[in-house]
Every structure is written in structure tokens, then in C-alpha cells.
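Listed here are the chains, written in short residue letters.
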Amino acid sequence: MSNPAPTDGKKVLHDETQRGPLPAGTFSFLLQPDSEATIEAELVDQPVNLPQEQFEMLLLDSECEV
Amino acid sequence: MDSDTPDELLVPATPTTYTLEVTSRCNSACVGCGNVFQRTLGDMDVEQLRHLLANLKPHVINLRLTGGEPTLHSQFPALICLIDGLGAPFVLFSNGLWPDPDETLALLLDCVHLDGVLISLHGHNAAMHQAFAGVNSFDQVTTTIRQATRAGLTINTNTVLTRYNHQDIAAIATVSRNLGARFAAFSRYYGPPTPVTDLTESELHAATATVLTLQRQGVRVHFNNCVPVCFDGQPTKSCPAGITHCTIDPLGRVRPCTHAPHILGDLSNQSIADIWQGEAANQWRALLPPICKTCAEFVRCRGGCKALAYHLHQDRDPLIRGPLQQLLSASHTTQIQLYSGARPEPNFTLREEAFGYLLVNRNQIIPVKTEARPLLDALDGTTTLRQVQDDFGPSGLALVVYLFNKGLVRLAQS
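Chains as they are written, first to last, in our numbering: chain Z, 1 to 66; chain X, 1001 to 1414.
Careful: at least some of the hints might be erroneous.
Unchecked claim - In silico DMTMM-like cross-links for lysine to aspartate or glutamate, where the CA-CA straight-line distance does not exceed 20 Å: (1) Lys1237/X - Asp34/Z; (2) Lys1237/X - Glu1201/X; (3) Lys1293/X - Asp34/Z.
Stated by the list, open to error - Simulated DEER-style distance windows between Cβ atoms: (4) Asp45/Z - Lys1369/X: 29 to 35 Å; (5) Arg1321/X - Met57/Z: 35 to 41 Å; (6) Gln46/Z - Pro1261/X: 40 to 46 Å; (7) Thr1370/X - Glu53/Z: 27 to 33 Å; (8) Cys1111/X - Gln46/Z: 35 to 41 Å; (9) Val44/Z - Asp1315/X: 50 to 56 Å; (10) Met57/Z - Lys1293/X: 41 to 47 Å; (11) Asp45/Z - Asp1045/X: 58 to 64 Å; (12) Gln1387/X - Glu53/Z: 53 to 59 Å.
Just so you know, these hints were derived from the structure itself, not from any lab.
Cβ coordinates follow ideal geometry from the N, Cα and C atoms, glycine included.
Use the sequences and the hints to build the structure in full.
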């Protein structure tokens, strides 16, 4: 799977809708593939409203695991 | 690393999460207890705990206090202050039957590093709760939860799935929410078999599916322990026991988790590093079912629950179906826009390991390669995402976005 080229000024960092090994050169810093994470991201020129759910989940995982 | 374990099983030099069984005392009489240590051990000595924590401090990322019922510890005020003073986030697991509710609540509200309290709620009515708890405690438990949440304490509830409640997940979640709890968690029972907890595979499958359905409807529920991915094709938690997680009993003995009786070492005369890299720990890890080592989802699953296999006298978690040839298909794609001028800041502790680095915050643990260090050093709150892209390329930017999506990086935009 190859990393799509930028289009319309948007940078698609990772499009892994088919799942599988992480594309070479994209997530190469990770030691383990993460099949759960499928991320498409783009850089824009203005501040944006950032999601916060991930920080809540980080707490929740710790609080609830038995 | 043991030569019989897969390369993907990256075992750190010491655990990151420590569950302390601070007392064996309990005022519930559960038909089965997932915490399988001896019931006669009594309280963890506070002075011994002080010494133990001093030695563990460099290694601890987060802590959990359990028992027994931790609030029954004869020196609970001193104990909770000691734990809070360590400076690491911690969670209290409780049955909600606090001997002095007002005092306990005040103590917990004073804690700086307490993330929350997980309180057992095994049904939406008294009979259903008692079927597992073994005592008529529903009214007292729900009163504790209501008082605590009204006082501003973060409470989550935990329900062990039983024959009496597995069809009532939605109703239990509703009671939990009405009491002010933030999330209702549901757990598969891991202890020695009992008639109350013995669900059929189809019943367990239906229960996990119900939790997933409720989640998709926006209900704040959570399945909080691992079901093998091959059982129902759903992503659940991987088992951290003996890898990043350990349990310490009142005498200072180390086990992989609360559910396993296997003693890996004794902190009264061994370091945690020696225990974690020792023969007993490697033997525990070698209990991984061989068929799981070739599974495409091994990293996410880690072979189900080895403690349960032990209790059932089987060689593997009975829900294991066999290795998957391919990763599960994506359930969703996270689409995100980020400001190019945003400045990433670390929300993790960096731990150097033989295999690279671990980026850790509570239970979230991301192993990265040694080559990532210059990039990680650049996440200092001054470097922008655009600069990350320019200096480290798409791989560098991808890692930062990935970490943000995991909650391990914060982005400052002002």
C-alpha cells in the first residue's frame, strides 16, 4: 500500500482502509503495527477545534481495567 | 526476552502498572473472587509499603489499589496518603462498602493523584447484585456511589457478568448513569469456575455484542478485560499480565495479575527488575498458547487470559478459536484536521528499553524505535507540526498524529 500524494493542499498521512502492514515510510517509527488505528489527517493553516475523547479514554482505560 | 515468545511480545525491564493488594480483608462474600491471593494475609504493612514504594518509584507509571476491600485496611488514611504522595496516578477498586463513608470520601477527595474509583455494581436491583456479591449490599453500594459522585469524585462502576445479569447490561448501565457514575464497565469473570459466573459462549458473545451496540448508541459503557479477538472478531483489550502489569500482595510478593496465583518473586529480597527478568516471569510468559504466536492479531490480543486457562485446567483460554490470517478489517477511520502551527507537547513518560523506547501514560503504552528519539526530543512545545514535517518527513508527522490520537501528545495552538 502506498501513501497517497498530497491533494488540494491536504496531506493524507495514512489511509489504511484495507488494513494490513503499515505502509513503509509512514509509521516507520513504531515497533509494532497497530491494526486498530486508521488515521487520515490533514494540516490546515488555521487553528481548529481539537477532539478530546482520546484523553478521556486514556483515563478510562486505566480506571476501569480489572 | 524468552526465545519461545514472539518478537512482538516486547517485555519491558520492569512493569509500568502496579496493582497493590493492600489487604485481604473483605466485607463482601462474592461467590467467586477474581483476586486469587490467600484470604489470610491481612493488611499490607504501611512501613513495608513505604520502603517498597521508595524502591519502585523509578518504575511506576500508574497504580491500582485493590484487596479485599482496600478501605478496610486498618491504616487506610496513612496508606492512601502514602500512595498519593508517590505522585503517580492511581485508581481505587472498591466494593463500595466503606466502613466510614464520610471519612473515606474526605480522604479520597483530598488526593491529588487519584484518577477515580471503580466500584462493583453487579446488578440493577438488590437480588441481582447479591447473586454475585453474596451479601445484601445493593442499597449501601448505590448510596456510596451517589454520595461520592455528588461530592465530585470520579466513579465508574464494574459489573462482573453472571448468569443473573448478563441479559441486563443496558439496565445496569442506566442505574450506573443515574447514580452519577461516569462509565459502566463490564467484565468477563476470570476466577475459578462457579455456577453463578459460568456463562455459555453464546451468552458471553451476546453480552460483548450488547456492550458494543450500546457504545455505538453513545451509552457510556466499556468492556474492560480481554476476550480473544478470534472469539468474536471484536477488538478488546490485550492482556498486559506479566508484560507491563504486575500485582503485589500484602506480603510484597509479585504476581502477573490479580487473577493468577503464580508468584514471580518477592520484593522483600529481590528488585522488581530481577523479578521481571527472572525465570518465573519467563515461565509465565511461556504459557502463551503456541497457536496464538502466528495470529495476525497477536499484538492486540496476546492470547487471551492465561490465568483463566490455569483455573480451568486447560492449556489456553477456552474462547480461543485459532490464529487469524489477517488483521481485522477497520471499524472506522479517524479523520482529523490539525493546525500546521500547532505545537506538540509530550503527554507521556519516556522509558528506554532494550528494544527501543516505551511512551507511556497510564495503560496506554506505545513502543517506538530508537531512531525516534530526535523527534521525541523535538516535542518540546516550541516546534510546530509544520516544522516536524519539514525536519522529520511524513514518518515524523505521522508518529505525532498517531500519538495525539492515542492521547500521548497534546497540541498547543495559542
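Starting from the range 50 to 56 Å, see whether the pair Val44/Z and Asp1315/X falls in it by beta-carbon distance. 53 Å, holds
Is the straight-line distance between the alpha-carbon of Lys1293/X and that of Asp34/Z 20 Å or less? 16 Å, holds
Is it true that Asp45/Z and Lys1369/X lie within 29 to 35 Å of each other by Cβ? Once the Cβ atoms are compared, 31 Å apart, the range 29 to 35 Å for Lys1369/X and Asp45/Z holds.
Quick one, are Lys1237/X and Glu1201/X close enough, alpha carbons at most 20 Å? The hint holds at about 18 Å.
For the pair Gln1387/X and Glu53/Z, does the Cβ-Cβ distance stay inside 53 to 59 Å? 27 Å, violated
Quick one: are Gln46/Z and Pro1261/X within 40 to 46 Å, going by C-beta? 57 Å, violated
Outcome of range test on Cβ distance (Cys1111/X, Gln46/Z; 35 to 41 Å): Between Cys1111/X and Gln46/Z, where Cβ atoms are some 40 Å apart, the hint holds.
Using the beta carbons of Thr1370/X and Glu53/Z, state whether their distance is inside 27 to 33 Å or not. 31 Å, holds
Range first: 41 to 47 Å. Now tell me if the beta carbons of Met57/Z and Lys1293/X are that far apart. For Lys1293/X against Met57/Z, whose Cβ atoms are near 29 Å apart, the range 41 to 47 Å is violated.
CB of Asp45/Z to CB of Asp1045/X, is that within 58 to 64 Å? The hinted range 58 to 64 Å holds for Asp45/Z and Asp1045/X, with Cβ atoms some 60 Å apart.
Outcome for the supplied range 35 to 41 Å, where the beta carbon pair is Arg1321/X and Met57/Z: Given about 28 Å between the Cβ atoms, the range is violated.
Can the restraint linking Lys1237/X and Asp34/Z be considered satisfied, given a maximum Cα separation of 20 Å? Status holds; Cα separation ~13 Å.
When held up to the earlier numbered hints, the structure conflicts with 5, 6, 10, 12 and fits the remainder.
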